Amino acid sequence: MNTSVSIAVNGTPHDSRIEPRLLLVHYLRDVLGLTGTHVGCETSLCGSCTVLLDGRAVKACTVLAAQADGAEVTTIEGLADGDELHPLQEAFWEEHGLQCGFCTPGMIMAAHQLLEDHPDPSEAEIRHGLEGNLCRCTGYQNIVRAVRRAADAMGAASS
Amino acid sequence: MATTTVPKQIGARVRRKEDPRLITGASTYTDDLKLPGMAYCTVLRSPHAHARIASIDTSGAEATKGVLRVVTGRDVQEAIGGLPVAHKIEGLLEPPHRVLAIDEVRYVGDGVAAVVAEDPSTARDALERIEVEYEELEAVVDVEKAAAGGPFVHEELGTNVAFTFPFEAGDVDGAFQDAPVVLRQRIVNQRQIPFAVEPRAVAARFDRGHRKLEIWSSTQIPHLLRTQLSVMLGIPEHSVRVIAPEVGGGFGSKLNVYAEEALVGHLARELGRPVKWTATRTEGFQATIHGRDQLADVEIAASEDGVLHGMRVKLLQDLGAYHQLLTPVIPTLTVLMLPGAYRLRNLQVELKGVFTDKTPTDAYRGAGRPEANFIIERVLDLIADATGIDPIEVRRRNFFPADAFPADTCTGLTYDSGNYQAAVDLLLETVDYDALRREQAQRRERGELMGIGVACYVEICGLGPSAALPAGGWEACTLEVRRTGRVVVKTGVSPHGQGEETTFSQIVADALGVGLNDVEIAHGDTDYVPEGIGTFGSRAQAVGGAALSMALEDVRDKSRKIAGHLLEADPEDVVFDEGKLHIRGAPDRAVGFQDVVTAAYMADDLPEGVEPGLASTRFFEPSNFTFPFGVHLCVVDIDPDTGEPSIRRYVAVDDCGNVINPMIVDGQIHGGVAQAIAQSLYEQAVYDADGQLVTGSLMDYAVPRASYLPSYELRRTTTPTPVNPLGAKGVGEAGTIAGNPCVMNAVVDAVSHLGIRHVDMPATPEKLWRIITERD
Ligand code: FES
Ligand code: FES
Chain A
17 MNTSVSIAVN GTPHDSRIEP RLLLVHYLRD VLGLTGTHVG CETSLCGSCT
67 VLLDGRAVKA CTVLAAQADG AEVTTIEGLA DGDELHPLQE AFWEEHGLQC
117 GFCTPGMIMA AHQLLEDHPD PSEAEIRHGL EGNLCRCTGY QNIVRAVRRA
167 ADAMGAASS
Chain B
14 MATTTVPKQI GARVRRKEDP RLITGASTYT DDLKLPGMAY CTVLRSPHAH
64 ARIASIDTSG AEATKGVLRV VTGRDVQEAI GGLPVAHKIE GLLEPPHRVL
114 AIDEVRYVGD GVAAVVAEDP STARDALERI EVEYEELEAV VDVEKAAAGG
164 PFVHEELGTN VAFTFPFEAG DVDGAFQDAP VVLRQRIVNQ RQIPFAVEPR
214 AVAARFDRGH RKLEIWSSTQ IPHLLRTQLS VMLGIPEHSV RVIAPEVGGG
264 FGSKLNVYAE EALVGHLARE LGRPVKWTAT RTEGFQATIH GRDQLADVEI
314 AASEDGVLHG MRVKLLQDLG AYHQLLTPVI PTLTVLMLPG AYRLRNLQVE
364 LKGVFTDKTP TDAYRGAGRP EANFIIERVL DLIADATGID PIEVRRRNFF
414 PADAFPADTC TGLTYDSGNY QAAVDLLLET VDYDALRREQ AQRRERGELM
464 GIGVACYVEI CGLGPSAALP AGGWEACTLE VRRTGRVVVK TGVSPHGQGE
514 ETTFSQIVAD ALGVGLNDVE IAHGDTDYVP EGIGTFGSRA QAVGGAALSM
564 ALEDVRDKSR KIAGHLLEAD PEDVVFDEGK LHIRGAPDRA VGFQDVVTAA
614 YMADDLPEGV EPGLASTRFF EPSNFTFPFG VHLCVVDIDP DTGEPSIRRY
664 VAVDDCGNVI NPMIVDGQIH GGVAQAIAQS LYEQAVYDAD GQLVTGSLMD
714 YAVPRASYLP SYELRRTTTP TPVNPLGAKG VGEAGTIAGN PCVMNAVVDA
764 VSHLGIRHVD MPATPEKLWR IITERD
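So the protein sequences, as listed, match chains A and B. Residues in the first sequence are numbered from 17 upward in steps of one, following our numbering. Residues in the second sequence are numbered from 14 upward in steps of one, following our numbering.
Only chain B is shown next, with the shape it has when bound in the complex:
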């Protein structure tokens, strides 16, 4: 944004303002809340993937001392509406999704009954005294079989296919006709478990005096949750207050509306006592959304010089048993982003969303875009392999050139700005690529396995124009300069680790010339911050920060008017400078910012037509998404005896537009790449043939520990976006989007001389050992 003085805070590595409370244990997460008279809720969950509920007997639990209430799906079906799905997909089948199952359970973890008791251990013990008789039904587990026919997850639908989403651009048949290079590959994005370290938690209190329901939830979207809870519980939206206190990570898993949020709200209202529910880790695995789980059959048409001319993609998205908030929307983002950084013109996609008896899938860091980027970046490597052209050169030949921006993709997107070759150039300055290739050749001769993987990416960030989102894509900000000079920012974004209390303070400090500690960032309370959308889709800075910039412009304009009046000068000539406003070129003719603030509130000497006070509320509606990009490279060694892969070097070049705080941006890349390495080498949610979640605990699901991961070398190019006044694009998901193909291209490269063209994720030692020994 336009600052008249040189930015001092924007772009600086500033320590985070939120940290002092977090490193001293002084922060309050939802489960830390203890309200007077609080009761505790637990949920009984289905042990079966698919079963009819023949009977439920709650009498044993009800008779337990200390138990206040036991409810089943039938008990609450009148009081609590179904769980919402927000989408714009034509013809989507939407079977009912109740907060507690009625008659039938459809995944292991589906809620069946809830208990409220005086203390958590009584509530837990009482669950065991609920007798449920199940008649098991055949579980729908395999997504391909589910797509082809019965049995059905929702019998009444007569199909498991919730929607089909066909897409076609260009002349695909023409591209394939006579194409010298035609390749086919199945590419799978396996199911992931998001695993925010803070388990989900909800607390609720009904304020009888004000007839208001207050909900604390570990959510990324307090405002959207407020609206949905009002609908589900049948109470006016203004009678619902949602507070997202400290939230311990989300990665998309808390970008949702969950059964327990409505259930606990309802029970608190009914009992007239505060109620809290905290997920166990098992519930975190079973009853919090999963991510990815997409199967792609890809056909590729390319020329001998490595240019991609056409793709046909058949996509099957495993939706799980029900729609959660954005379940069907996620794979449609995959379709949009399939062209990646490349001038692909001919593309045919057939996407099917398919119900199975598993935990619902939804947004997991990257949400549809890692899937797309994994496909297209594997495709480029397959072309490189088939044509014998170096992977980096193949990418260069297919890039949108720097002068193509704004660049239209065949999927109808307009990439705002970019310079993909510049990112590659910086990578090649950082890494001696030719030396790595020479080393690889030497090692191969000695029987060692070394792979070099390169992957580019374009991601879709700054979500987004309201027309493109199911529930508004704007963001809101109220900026108030209090009479003491304290600046209060009320933002609709809801950070949970991203550091906006710091970065927004940096933006304010530069715009108003105040200190970082004079600024207070309020978020996550719908009564204090009346409107907002939330934190997801790498939008906090690009959309929320942009709304802040607009409000700052208002306050600056008004301050200049007041200062001009006090200085008897034209407001146009007044500039901000470290706590002062002075006449351009005459730093001595100045008033302090505090003098302006005081004048605004004393209001006895304001210029004509200027109202008292100093505040502004603005909404920013982005005209487009933003499209960050970059290129990552990694070097992987595979132990030929054990198959164990290890990442020796990981270099990331990222361009997320203008950077407010490089330390925070780097941290986002670190965390994102770690999650990509997790998917590439370690994590996979596995269901057995009966629909049991085999990887239902930290013993079986391999969330990486510090020793599994390398250090990353980060570089940056800066191509600002014209879409918002900050020029910032967003960075939250970049690492996850770039990382999978980068690691997997390296893994495949390490064994390509054995005739291997593709390896499925996760590339576990066992899988690699089999590949190596079978080819020997």
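Same shape as in the complex, but just chain A:
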């Protein structure tokens, strides 16, 4: 039994007929071909699949696509403004906040949420705010720096 959903992804509306058990992460990757959102586990513990659902970071492997019916989803592909990188993307690049890059889309999306909740986070707040996301390459130090740099850039832009 397929069900219809209408989901706006990165500003583009999509009407799809999908299996009710389809996870949002597979909807994005397999149905829409947006493979920037990654899958690193099946226990909701790695954070590789983090996207924004109506502006809030969620692990797309814990959400059914059907639950996102009527919602707006932002993935890593939709974060930049045209050719202009989002301050978080710029900061991850500048601070070497990634190595293999596999955790990066999820990490950036989680950081997006973090900065929304704490626009001026301390190092400890950044480390706790990213608890749901695993990175094996960087030891997190440059990720922490990147988030701090993005906070500065975004703070400067809004003040």
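No lab work stands behind these hints, which were simulated from the structure alone. Just so it is clear, the structure is predicted and the values come from calculations on it, not from any experiment. Any given hint could turn out to be false.
[Stated by the list, open to error] Calculated Cβ distances over 12 Å to all of chain A for the following chain B residues:
#1 Glu31
#2 His167
#3 Val194
#4 Glu211
#5 Phe264
#6 Glu442
#7 Gly512
#8 Val686
[Stated by the list, open to error] Partial pick of chain A residues on the chain B-facing surface, computed with a CB cut under 8 Å:
#9 Gly56
#10 Cys57
#11 Thr90
#12 Gln105
#13 Phe118
#14 Cys119
#15 Thr120
#16 Ile124
#17 His134
#18 Asp136
#19 Leu150
#20 Thr154
#21 Gly155
#22 Tyr156
[To be verified] Pair ranges (Cβ atoms, derived):
#23 B:Ala415 to A:Ala169: 53 to 59 Å
#24 A:Ala169 to B:Asp608: 41 to 47 Å
#25 A:Gly86 to B:Lys780: 37 to 43 Å
#26 B:Lys780 to A:Ala169: 40 to 46 Å
#27 A:Asp133 to B:Asp445: 34 to 40 Å
#28 A:Ala169 to B:Asn530: 40 to 46 Å
#29 B:Asp608 to A:Glu132: 37 to 43 Å
#30 A:Thr59 to B:Glu458: 41 to 47 Å
#31 A:Pro135 to B:Asp773: 42 to 48 Å
#32 A:Gly171 to B:Arg28: 20 to 26 Å
#33 A:Glu132 to B:Met712: 24 to 30 Å
#34 A:Ala173 to B:Pro249: 57 to 63 Å
The C-beta atom is built at its ideal place from N, Cα and C for all residues, glycine as well.
Got chain A; can you put chain B with the ligands on it based on the hints?
Using the frame of chain A, we list chain B with the ligands on its own:
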């Protein structure tokens, strides 16, 4: 390498060229591939550690709508050869290791059958419709018991000991005779799960027109994989193309040849459709190699002034159930590196590699060297403790002095270059060590637990001379300057996070005076880059970069000849300078690099004997390994009520020779130290008495999150290596090698006044709490 102008890019903190695609979600990892007509593969795995397969009934799965093929070990035993092990170990027992088990399973996760279906969920569901009847056998779990006798993992061998590797140098008995300080300690390197965040994945397509099998795999070694797949599948090597697309971390776990790589290749060929398999995280835990798992019984002979005179080491390496590509080789590296930074002359080792009913072990970041360094650096602290001499002073008394290089170890290695005391001096400039010791004394009086840990290291990098490796230790590079001036580098290394697209571009930019964005680094496709070995053993820069340097020298020589001809000057007098070549001392007498390139391709006015085009292919064969070194210090506080350890400060002084990009080098240290802290305080793969992997998911296996880890303070000394033209030694594994003893020496130091001499990793709060409360 010799640049005639001042290096501008080499040594500079350059942002990575690979990042724009990675931060925008535009990169393609293996699982992102969707080929027309693609089918999906899943593997049924053994739930038992050791069992006979009485029967397999695949009919239910075969009858499932959407299922294209179901195969068992028997079905593919003719078509697919066994999994390879590359080694030079005399007398190694090599029981068959098939891509799917036949008759018997030997670890939880051993593959039993595979399904291919139209879509992934059908392939997953069909696994449940395969009926396997198992007769359970006694599982071989404890490595000491396994070494001593039966039951056997491979009954036909009549033993679990796959090899013994005895080693002896100097006069060990003499060293122990009358030694004033004799100590004994069991030192364990517990089993680790590498956990690259990208799960392994393989996709394959058989191109019927060209009779060519194309394999995409998240591998560190596309070229070695090509050769092995050709052997396993019985097709000529030139009919196999391996592509390593974006690879999401490896840490050694993708330095292998896995069953699924051959299986998926075979199924794609047989079905005439592209097939993809992606590991679940559970498969990542069960059916991807594990690391470490080594047990050492160490005897130490030292003098009262803290000099180490002799060691006897009994090493048991838990191999797991089968050999993977380098399984038995890893602990032999431990033997080689046991002397560490020290002039140890008398060493006796007995290494045994032992099969157990567990996931095979193999290379995990550091691969044999963290084990060695953990042993020797614990040993130095044990000597410090027994003699009452400060740990740093004990190290100084045992170091190879700066004038000893090249320095021969008793294990037959020649350390290329080094200055260990200089690294310690820099550490002591960075940290007020005496103040830390005073603080520790004060805190102890207040009942607080604070430890200071120091560990030196020497690592073996730039793997390595071909004579020392089982499958070639060279690296290849093709450098092509296209007629537009675009420089294309085809390198045999296969980066998966290490940033060689950037660092190699920096090397090219300095050598040819071109911009970073005029350079393109191609890797990871065996049709485009015909030869290579791969990325592991901290070799990409030291060996791959060296091959690039050689090719650059060729192109520079030829460019100078052409420029000299155009300028009517002696090529010897022509120098490179930012997009131009000019006569030395006469910058106005210049031609643009592009003019030289154009002349090379127009070819109507070339000097005599110079061929058209501008390209070179070179192979670099290192004459030796390289030996980076350094010293790390950390301060650990342990909560006396809960036993919880926390790292207050971590300072790393590393010397990896010349540095191409300090930002990338620092990143490698960060990641390596994080993995060392992970082993020291958090991670342990645990099997129960039945051989079940108890820590088989992220719920039970504690991969550190950001909040578990400190920030690191990094310092650097620079001692170039004479082994390669870049003077670079390699850095990928340094942090992992230095970190374990550094953290654990601090942990032990924090409780040493309670009479504790050693603590096993991981130093969990529970373990420490027991230690503290039992001694109170
Ligand atoms: S894929 Fe791991 S949390 Fe979603
Ligand atoms: S950059 Fe590789 S896992 Fe984070």
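Hint by hint, here is what the structure shows:
{"no.": "1", "hint": "Glu31", "result": "violated, 7 Å"}
{"no.": "2", "hint": "His167", "result": "holds, 32 Å"}
{"no.": "3", "hint": "Val194", "result": "holds, 37 Å"}
{"no.": "4", "hint": "Glu211", "result": "violated, 4 Å"}
{"no.": "5", "hint": "Phe264", "result": "violated, 7 Å"}
{"no.": "6", "hint": "Glu442", "result": "holds, 22 Å"}
{"no.": "7", "hint": "Gly512", "result": "violated, 7 Å"}
{"no.": "8", "hint": "Val686", "result": "violated, 6 Å"}
{"no.": "9", "hint": "Gly56", "result": "holds, 5 Å"}
{"no.": "10", "hint": "Cys57", "result": "holds, 4 Å"}
{"no.": "11", "hint": "Thr90", "result": "violated, 11 Å"}
{"no.": "12", "hint": "Gln105", "result": "holds, 4 Å"}
{"no.": "13", "hint": "Phe118", "result": "holds, 3 Å"}
{"no.": "14", "hint": "Cys119", "result": "holds, 5 Å"}
{"no.": "15", "hint": "Thr120", "result": "holds, 6 Å"}
{"no.": "16", "hint": "Ile124", "result": "holds, 7 Å"}
{"no.": "17", "hint": "His134", "result": "violated, 14 Å"}
{"no.": "18", "hint": "Asp136", "result": "violated, 18 Å"}
{"no.": "19", "hint": "Leu150", "result": "holds, 6 Å"}
{"no.": "20", "hint": "Thr154", "result": "holds, 6 Å"}
{"no.": "21", "hint": "Gly155", "result": "holds, 3 Å"}
{"no.": "22", "hint": "Tyr156", "result": "holds, 4 Å"}
{"no.": "23", "hint": "B:Ala415 to A:Ala169: 53 to 59 Å", "result": "violated, 46 Å"}
{"no.": "24", "hint": "A:Ala169 to B:Asp608: 41 to 47 Å", "result": "holds, 42 Å"}
{"no.": "25", "hint": "A:Gly86 to B:Lys780: 37 to 43 Å", "result": "violated, 51 Å"}
{"no.": "26", "hint": "B:Lys780 to A:Ala169: 40 to 46 Å", "result": "holds, 43 Å"}
{"no.": "27", "hint": "A:Asp133 to B:Asp445: 34 to 40 Å", "result": "holds, 38 Å"}
{"no.": "28", "hint": "A:Ala169 to B:Asn530: 40 to 46 Å", "result": "violated, 24 Å"}
{"no.": "29", "hint": "B:Asp608 to A:Glu132: 37 to 43 Å", "result": "violated, 54 Å"}
{"no.": "30", "hint": "A:Thr59 to B:Glu458: 41 to 47 Å", "result": "holds, 46 Å"}
{"no.": "31", "hint": "A:Pro135 to B:Asp773: 42 to 48 Å", "result": "holds, 44 Å"}
{"no.": "32", "hint": "A:Gly171 to B:Arg28: 20 to 26 Å", "result": "holds, 22 Å"}
{"no.": "33", "hint": "A:Glu132 to B:Met712: 24 to 30 Å", "result": "holds, 28 Å"}
{"no.": "34", "hint": "A:Ala173 to B:Pro249: 57 to 63 Å", "result": "holds, 59 Å"}
Comparing the model with each numbered hint stated earlier shows that hints 1, 4, 5, 7, 8, 11, 17, 18, 23, 25, 28 and 29 do not hold.
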